[in-house]
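Q: Spelled out from the first residue to the last, the chains are:
There are 2 protein chains.
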Amino acid sequence: MRSLRKTVLLAIVASVVLVMALLHSWPTRAYTTVDVWQRPGPAVERHLEERFPEPDHRSANIPYRVKESVAGLLARNGCVCEGESGGMNLPFAQLLFPRVSAHPLHTAFEVSELEEMKQRRAKEYQGFQMRSQSPADMLIVAEAHNPLQYPTQGVEVRPLKTILIPGLAVQDHPRELYTVNFTSTLGTLNVAAEVGGVKVKGDGEMHMTLTSSLLSNLNRQLQFVTYTNTLFHPSTADTVQFETEGHQAMFTIKVRHGVTPKLYNTGPKGEYNISALVTIATKTFLRYDKLQDLIDSVRKYYSTVTIVIADDSENPKMVSGPYIEHYIMPFGKGWFAGRNLAVSQVTTKYVLWVDDDFIFTANTKLEKLVDVLERTTLDLVGGAVREATGYTATYRQTMSIEPGEEEGDCLHMRRGFHHIIQGFPNCVVTDGVINFFLARTDKVQQVGFDPRLARVAHLEFFIDGLGSLHVGSCDDVIVNHATKIKLPWVSQSESDKTYAKFRYPPASSDATHTKNGLLYFKNRFQCLTHN
Amino acid sequence: MRSLRKTVLLAIVASVVLVMALLHSWPTRAYTTVDVWQRPGPAVERHLEERFPEPDHRSANIPYRVKESVAGLLARNGCVCEGESGGMNLPFAQLLFPRVSAHPLHTAFEVSELEEMKQRRAKEYQGFQMRSQSPADMLIVAEAHNPLQYPTQGVEVRPLKTILIPGLAVQDHPRELYTVNFTSTLGTLNVAAEVGGVKVKGDGEMHMTLTSSLLSNLNRQLQFVTYTNTLFHPSTADTVQFETEGHQAMFTIKVRHGVTPKLYNTGPKGEYNISALVTIATKTFLRYDKLQDLIDSVRKYYSTVTIVIADDSENPKMVSGPYIEHYIMPFGKGWFAGRNLAVSQVTTKYVLWVDDDFIFTANTKLEKLVDVLERTTLDLVGGAVREATGYTATYRQTMSIEPGEEEGDCLHMRRGFHHIIQGFPNCVVTDGVINFFLARTDKVQQVGFDPRLARVAHLEFFIDGLGSLHVGSCDDVIVNHATKIKLPWVSQSESDKTYAKFRYPPASSDATHTKNGLLYFKNRFQCLTHN
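From first to last, the protein sequence lines stand for chains A and B.
One gets the working numbering by counting positions in the first sequence from 1 and adding 402 to each.
One gets the working numbering by counting positions in the second sequence from 1 and adding 402 to each.
Only chain A is shown next, with the shape it has when bound in the complex (with noise of 0.2 Å):
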């Protein structure tokens, strides 16, 4: 009886156990193969850039006159690099009317190294091309007459998930049969309705027909056909085709994440809370003094800004004080890996940039800068720096990229702004400012200061941020520069010595070929002009 009882026993656990089993391991989907492999895909058309298209042969005959001083903006094919040449040779006409300089910047590197250089670069620009390109950038052209009514920009599916596509339809003259057929190739085609009298054929498939001899009726299917994307991307577009007969219809549905937000906590309602929405960072390297009096000065006017100081000295002092942040790094790190460092560890909305030798003074008010990002969409917005003398400036630069060919791209950069703005008279819309300036944190962590200039490097930034920094500047807000005249009779302390050849370093050493380097290898330029 027991040992009857104990088997019944064993076998219940036994099955169970194996149901168990069974169950925990039965396929729940079948998994699909996806192809990320880096390989050139169909040529990507770009916008055309040729001054005039070919003429087809209804055209050829037509006489035109071409407009100079239109036809002259277009561009060229391929930039080059040249400054503007002659003026006057003059003292102080640098000064009064700046000549563009043209830089070109392969000189960067040894002759020996260049061509090698330049086959790595275009081997990175190769790969970093075939990341960033979008069939949402291709060239699309509605022929005209085309009975078919679709959506040509506007729809967005999230990875994997479903949309109804808006705007379909067609309007034909009368027939017996009408069909429409659609064709994807990131995913999947079908209706989320059956509508009477209508045939559908390839439903749930990359291809699916709708047939019909009633126009009402196919028209009403057209608003129930759905796309499912089912090759994940985060982000990336499908090519759809609609056809029908004689005619055909290309439109892009956007596959990807939407943009998920990166807010920040205010604090509380009320005047702006400066030590909630700002954090104060800098770089220092051997000038203590100067950054104990940049951190006195803002403690006159703002006692519990936090204040977040990044270091490469080489025997570094102690920094201490309520809402002092103070980062030790590696020794000659570098002035753009300390930036990078800093503004990597703030929690406020926003970052004010400060150099160690800046003090604050009573026209120092961070309010007027917040009230400028508060109330418009820039992300960032220079202030003035004043030397000794009384001088002030702000540093506006402009910059443009004129693409290039194999060589690379041409960077040119002028003085000056685009657009005063509308309601702050003392600001202006430009790309790049001195080095005070308030940002969004979010911003400017995702541009980044690139940690590979370790000296000189300013503009670096600015360039790194196009297009995705609205760079704002106003001249009301002004900090003072603590001086860097050398006046004869006062002998140059040892850490000014060391912090010189640091800062300045001779012509031939590392720094020029780091920047010009950079801008030539990593940005992929040829040519650097300014005035």
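Take the hints with a grain of salt, since some may be wrong.
The list makes no distinction among identical chains, and a pair is therefore deemed to hold if it is satisfied within one copy or across any two copies.
In the BS3-like style, the derived pairs of lysine-lysine whose C-alpha atoms are separated by at most 30 Å in a straight line are [said to hold, decoys possible]:
#	residue 1	residue 2
1	Lys525	Lys656
2	Lys601	Lys563
3	Lys767	Lys525
4	Lys702	Lys770
5	Lys671	Lys520
6	Lys563	Lys520
7	Lys692	Lys719
8	Lys469	Lys601
9	Lys525	Lys671
10	Lys525	Lys770
11	Lys520	Lys601
12	Lys469	Lys656
13	Lys469	Lys563
14	Lys845	Lys671
15	Lys603	Lys469
16	Lys671	Lys767
17	Lys692	Lys770
18	Lys719	Lys671
Treat the hints as calculated values from the structure; they're not laboratory data.
Fit chain B to the supplied structure of chain A, relying on the hints for placement.
A: Below, chain B alone, put in the same frame as chain A:
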């Protein structure tokens, strides 16, 4: 005589100075103002998410039958925070049949502060929307039987530059006079050449009309139409209206800088030079013994790879050696602050993240991970971590965001992956991986590790990366995890105890508040579900 000469000389000098001063102050250009205020613009049409669009009068009587298997996939209005209920209450049930649990995130806040948090979040979100929405996302539908031919996608101009608009034509039935006109808002229209027999009105303005009695001449003229962006913005789009009698069309011209590449020098050709390609990054806190074990194990296989260490221990010890870069942070700054610091310092193409208690073995072949990123378009590839028990984890997570309404979106995380990678049978595509991964440095720096996350956090990085990081996971590159199993007979060291106090905070501390509170506020989620 002499005094006459002097006077003449003085007069000349005075005139020259006067002329130079005049020329210098000569107004070189008149600046226009630009409106960059954050205010809600015209309502941007989002793509239709209602289940079924309203039928018009023609379709109202046509019957249809809902296809639930497809209709059920469409997004609902708002998302609901619910997990899976019920399920077997057996031992190991959660292990064998992981149920989905749902976590409403507003619970991170005290009831008293929740309402204010919601309002503050809504205000910040509004600002974010105004900065991130673009006319290029607006729904545009091409009408059928339009005599106009025009580009629906792929037209782009650099800020303040000029392009030819491609693909313009009109195909009309014979008329006495053919007229087309264009209207733009962020730039002006013009013609690069003037074609005989066509009258151009409004060239150089925001509204331009072309008229001709000869259709082929008008079409030839249309091949010379140009657009010049005049209102600067680093990344926006101009919606151009194109009309002829009785018909209109709308198309978008993107106004933006191109994406500037950020390429890395990869060292000499040949086999993968791991030291030139990869930097190892880690964060440490109080576990110098484990950190040293990690370093020693790395050096067995990679003697010259740079290791960047972010350290926020209270009394930092010196960690030195060739290719070691040790950064000291303020005490207890935190986990993600340290991660963000470490990656901010990387100057190689790839960065390998490791925890400070990992041990490299012969199975930790970085070359395999480099191979994946060199040959695919993935941005990040995770490996596997083996515990002392032999259990090896890849921690693959898929993620999707279901849009919600004012309450916020719902984030859904599920274990698993999307596809197997063609050509790499041990690798898959997914959204989140374990804390052992190789990644493109520029992409990781762009996404960043939010320094607001002080303690327990992991997938938040991948959440922030949704849409920009293309993530993979390979299970054949394995690193060992120094054991965490608390053996009963081994007493914890003092540093172990302090570590545990910081690493595993009690439930009511700030950590949970920060993690969920951050998901609620920063990313605007209302709910997190996972299994």
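Q: Taking 30 Å as the upper bound on the Cα-Cα distance, should Lys702 and Lys770 be classified as within, between, both, or neither?
A: within (17 Å within a copy, 56 Å between copies)
Q: Indicate which option fits the pair Lys469, Lys656 if close means a Cα-Cα distance not exceeding 30 Å: within, between, both or neither.
A: between (38 Å within a copy, 24 Å between copies)
Q: When no copy is named, should Lys520 and Lys601 be tagged within, between, both, or neither for a Cα gap of at most 30 Å?
A: Neither: 58 Å inside a chain and 49 Å across chains, both beyond 30 Å.
Q: For the identical chains here, do Lys525 and Lys656 meet the 30 Å Cα criterion within one copy, between copies, both, or neither?
A: The answer is both: 28 Å in one copy and 28 Å across copies each meet 30 Å.
Q: Please sort Lys671 with Lys520 into within, between, both or neither, judging by C-alpha distance up to 30 Å.
A: between (55 Å within a copy, 13 Å between copies)
Q: Regarding Lys603 and Lys469, is the shortest C-alpha distance of 30 Å or less found within a copy, between copies, in both, or in neither?
A: between (54 Å within a copy, 14 Å between copies)
Q: State whether the alpha carbon distance between Lys525 and Lys671 is at most 30 Å within one copy, between copies, both, or neither.
A: Only across copies: Lys525 and Lys671 sit 11 Å apart there, 52 Å inside one copy, limit 30 Å.
Q: When no copy is specified for Lys525 and Lys770, does a C-alpha distance of 30 Å or less occur within a copy, between copies, both, or neither?
A: between (47 Å within a copy, 20 Å between copies)
Q: Could you place Lys845 and Lys671 in one of the four classes (within, between, both, neither) given a Cα distance threshold of 30 Å?
A: within (24 Å within a copy, 35 Å between copies)
Q: Classify it for me, Lys767 with Lys525: is the Cα-Cα distance of at most 30 Å met within a copy, between copies, both or neither?
A: Answer is between: at 24 Å across copies they meet the 30 Å cutoff, but 48 Å inside does not.
Q: 30 Å Cα cut-off: does Lys469 pair with Lys601 within a copy, between copies, both or neither?
A: The answer is between: 14 Å across copies meets 30 Å, while 55 Å in one copy does not.
Q: Is it within, between, both or neither when you check Lys719 against Lys671 at 30 Å Cα-Cα?
A: Neither. Shortest intra-copy (39 Å) and inter-copy (43 Å) distances fail the 30 Å Cα cut-off.
Of the numbered hints stated above, those contradicted by the structure are hints 11, 18, listed in ascending order.
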